[in-house]
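Participant: Heads up: the protein sequence lines correspond to chains B and V, in order.
Everything in the first sequence is counted per full-length UniProt numbering, starting at 1 for the first residue and increasing by one.
Everything in the second sequence is counted per full-length UniProt numbering, starting at 1 for the first residue and increasing by one.
It cannot be assumed that every hint is accurate.
Which copy is meant is left open, so a pair is good if it fits within one copy or across any two.
As the list claims (entries may be wrong) - Calculated lysine to any residue pairs in the SDA-like style (CA-CA distance at most 25 Å, straight line):
{"no.": "1", "residue 1": "165", "residue 2": "16"}
{"no.": "2", "residue 1": "23", "residue 2": "148"}
{"no.": "3", "residue 1": "23", "residue 2": "117"}
{"no.": "4", "residue 1": "53", "residue 2": "42"}
{"no.": "5", "residue 1": "23", "residue 2": "89"}
{"no.": "6", "residue 1": "23", "residue 2": "149"}
{"no.": "7", "residue 1": "53", "residue 2": "191"}
{"no.": "8", "residue 1": "165", "residue 2": "125"}
{"no.": "9", "residue 1": "126", "residue 2": "35"}
{"no.": "10", "residue 1": "101", "residue 2": "184"}
{"no.": "11", "residue 1": "53", "residue 2": "21"}
{"no.": "12", "residue 1": "23", "residue 2": "167"}
{"no.": "13", "residue 1": "53", "residue 2": "174"}
{"no.": "14", "residue 1": "23", "residue 2": "55"}
{"no.": "15", "residue 1": "165", "residue 2": "75"}
{"no.": "16", "residue 1": "101", "residue 2": "8"}
{"no.": "17", "residue 1": "101", "residue 2": "66"}
{"no.": "18", "residue 1": "23", "residue 2": "152"}
Please keep in mind that the hints were generated in silico from the structure rather than gathered at the bench.
Just so we're clear, the structure is a prediction, and the values are computed from it rather than from any experiment.
2 protein chains.
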Amino acid sequence: MADTRSLERLIEALRCLPGVGLKSAQRMAFHLLQHDPHGAQRLAGALSEAVGKVRHCSRCHTFTEDEVCSTCRDPRRDRGLLCVVETPADQAAMERTGAYKGLYFVLMGKLSALDGVGPREIGLDKLFERIAEEDPEVPLREVILATNFTAEGETTAHVIAQALKDHGLQVTRLARGVPVGSELEYVDLGTIAHALVDRR
Amino acid sequence: MADTRSLERLIEALRCLPGVGLKSAQRMAFHLLQHDPHGAQRLAGALSEAVGKVRHCSRCHTFTEDEVCSTCRDPRRDRGLLCVVETPADQAAMERTGAYKGLYFVLMGKLSALDGVGPREIGLDKLFERIAEEDPEVPLREVILATNFTAEGETTAHVIAQALKDHGLQVTRLARGVPVGSELEYVDLGTIAHALVDRR
């Protein structure tokens with residue numbers, strides 16, 4: 001209807017959000033217009049600002065507003081370590097542990113033949129270029145593959161490990177094992193089997 | 001971090017959407033920036049436009065861009081019938097049936113003591129004013145209460161019905177009964193009991 005065209009456009013536009021279908025988009029649009037027009041205005045501004053400002057770090061590929069992100073610029077980081085993760089959310093999880101002080105490379109995805117995501121889409125060339133760059137002061141010693149432990153994440157880790165075989169680098173993978181705080185009885189068999197093989 | 005401030009603002013702003021917590025907001029922000037910046041821009045525009053243009057119909061309270069919505073203006077509508085619904089989504093569901101040709105009043109909510117939503121918040125005054133307005137050509141004959149069949153919806157319907165008792169109007173409620181296409185065995189007992197009492 002002509003008199004609700006901007007409402008319909010808003011519902012349609014909300015469907016670009018992942019996991020939001022027609023019903024959720026309607027509910028969101030009605031909620032914003034009825035109860036939170038200020039939130040809607042703030043969201044509109046934040047969207048424009050983020051799309052305009054946020055880009056990829058030229059070193060590690062994560063989101064940043066600068067040419068090189070603050071992690072890559074940080075002089076206290078150990079430049080001999082490079083941790084490869086799938087997403088900025090994974091990077092944030094690594095950071096929250098406080099147990100890692102090296103640098104990152106964020107793939108922004110994972111290899112997935114089903115979704116047509118190949119090595120180029122996740123910037124593997126850039127990763128290999130980055131690794132090939134020699135820093136005369138602090139040479140890269142180790143690449144830690146911290147992709148997810150899903151089928152696609154494992155494939156991605158495997159492909160990267162294969163490609164790095166002849167670089168003379170130590171290539172490691174996060175340890176698989178029993179999660180902290182869990183009872184063996186309720187842990188799946190594959191995980192226990194891995195924990196047994198990797199026992200130390 | 002200073003170099004991701006606009007990203008953090010976007011994640012924070014996305015949380016104004018109903019049902020979106022921190023994790024979903026992060027996922028949405030990363031998805032938009034990585035895969036759909038055009039969708040994000042479109043959404044920003046649609047939000048601003050809708051907040052600027054959409055308001056409430058002065059007659060029926062639904063969302064519209066005009067002073068009076070197209071349904072209220074439609075001369076083919078039966079002005080003797082008024083259907084009271086909770087939301088524009090409910091109104092749209094009624095419209096899709098094609099079985100109703102009267103006018104609407106959209107409460108934009110329901111009475112809910114727990115959430116502090118009283119008669120004023122859902123515009124009951126406006127509804128009663130609207131009902132009291134006499135149209136000399138087509139007097140209002142019937143008010144159909146089509147609020148939801150939840151505790152709050154039933155309360156809302158009851159309050160409206162009580163207030164309209166002395167207006168000399170026919171006040172009806174949508175029929176409760178067994179849904180079309182369902183098997184008695186799987187229908188809840190309350191519904192069957194109602195269908196039995198209201199048998200015809």
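Participant: Next, verify each hint and record whether it holds.
Facilitator: Each hint, compared with the structure:
Taking the closest pair of Cα atoms, residue 165 and residue 16 never come within 25 Å of each other, the shortest separation being 40 Å inside a single copy and 47 Å across copies. Proximity of residue 23 to residue 148 under the C-alpha cut-off of 25 Å is restricted to the inter-copy arrangement: shortest distance 17 Å between copies versus 32 Å within a copy. For a Cα distance limit of 25 Å, the shortest separation of residue 23 from residue 117 across copies, 24 Å, qualifies, whereas the shortest one inside one copy, 30 Å, does not. In this homomeric assembly, residue 53 and residue 42 come within 25 Å of each other (Cα to Cα) both inside a single copy, at 16 Å, and across copies, at 16 Å.
Taking the shortest Cα distances, residue 23 and residue 89 sit within 25 Å of each other only across copies (9 Å), while inside one copy they are farther apart (27 Å). In the homo-oligomer, the alpha carbons of residue 23 and residue 149 lie at most 25 Å apart only across protomers (19 Å), although the nearest pairing inside one protomer, at 33 Å, exceeds that limit. Proximity of residue 53 and residue 191 under a CA criterion of 25 Å is satisfied in neither setting, with 42 Å inside one chain copy and 56 Å between copies. Proximity of residue 165 to residue 125 under the C-alpha cut-off of 25 Å is restricted to the intra-copy arrangement: shortest distance 15 Å within a copy versus 76 Å between copies.
Taking the shortest Cα distances, residue 126 and residue 35 sit within 25 Å of each other only across copies (18 Å), while inside one copy they are farther apart (46 Å). With identical chains, the CA atoms of residue 101 and residue 184 are never at most 25 Å apart, being 31 Å at best within one copy and 64 Å at best between copies. Proximity of residue 53 and residue 21 under a CA criterion of 25 Å is satisfied inter-copy only: 24 Å between copies versus 28 Å inside one chain copy. Taking the shortest alpha-carbon separations for residue 23 and residue 167, neither the intra-copy value of 52 Å nor the inter-copy value of 37 Å comes in at or below 25 Å.
Proximity of residue 53 to residue 174 under the C-alpha cut-off of 25 Å is found in neither arrangement, the shortest distances being 33 Å within a copy and 53 Å between copies. For the homomeric pair residue 23 and residue 55, the shortest alpha-carbon distance between copies (21 Å) is at most 25 Å, but the shortest distance inside one copy (32 Å) is not. In the homo-oligomer, the alpha carbons of residue 165 and residue 75 never lie at most 25 Å apart, since the shortest distance is 29 Å inside one protomer and 77 Å across protomers. Taking the closest pair of Cα atoms, residue 101 and residue 8 come within 25 Å of each other only across two copies (23 Å); inside a single copy the shortest separation is 48 Å, beyond that limit.
For the identical chains of this complex, residue 101 and residue 66 are intra-copy neighbours only, at 21 Å inside a copy versus 59 Å across copies, given an alpha-carbon limit of 25 Å. Taking the closest pair of Cα atoms, residue 23 and residue 152 come within 25 Å of each other only across two copies (21 Å); inside a single copy the shortest separation is 31 Å, beyond that limit.
The structure fails hints 1, 7, 10, 12, 13 and 15 (numbered hints given earlier, in ascending order).
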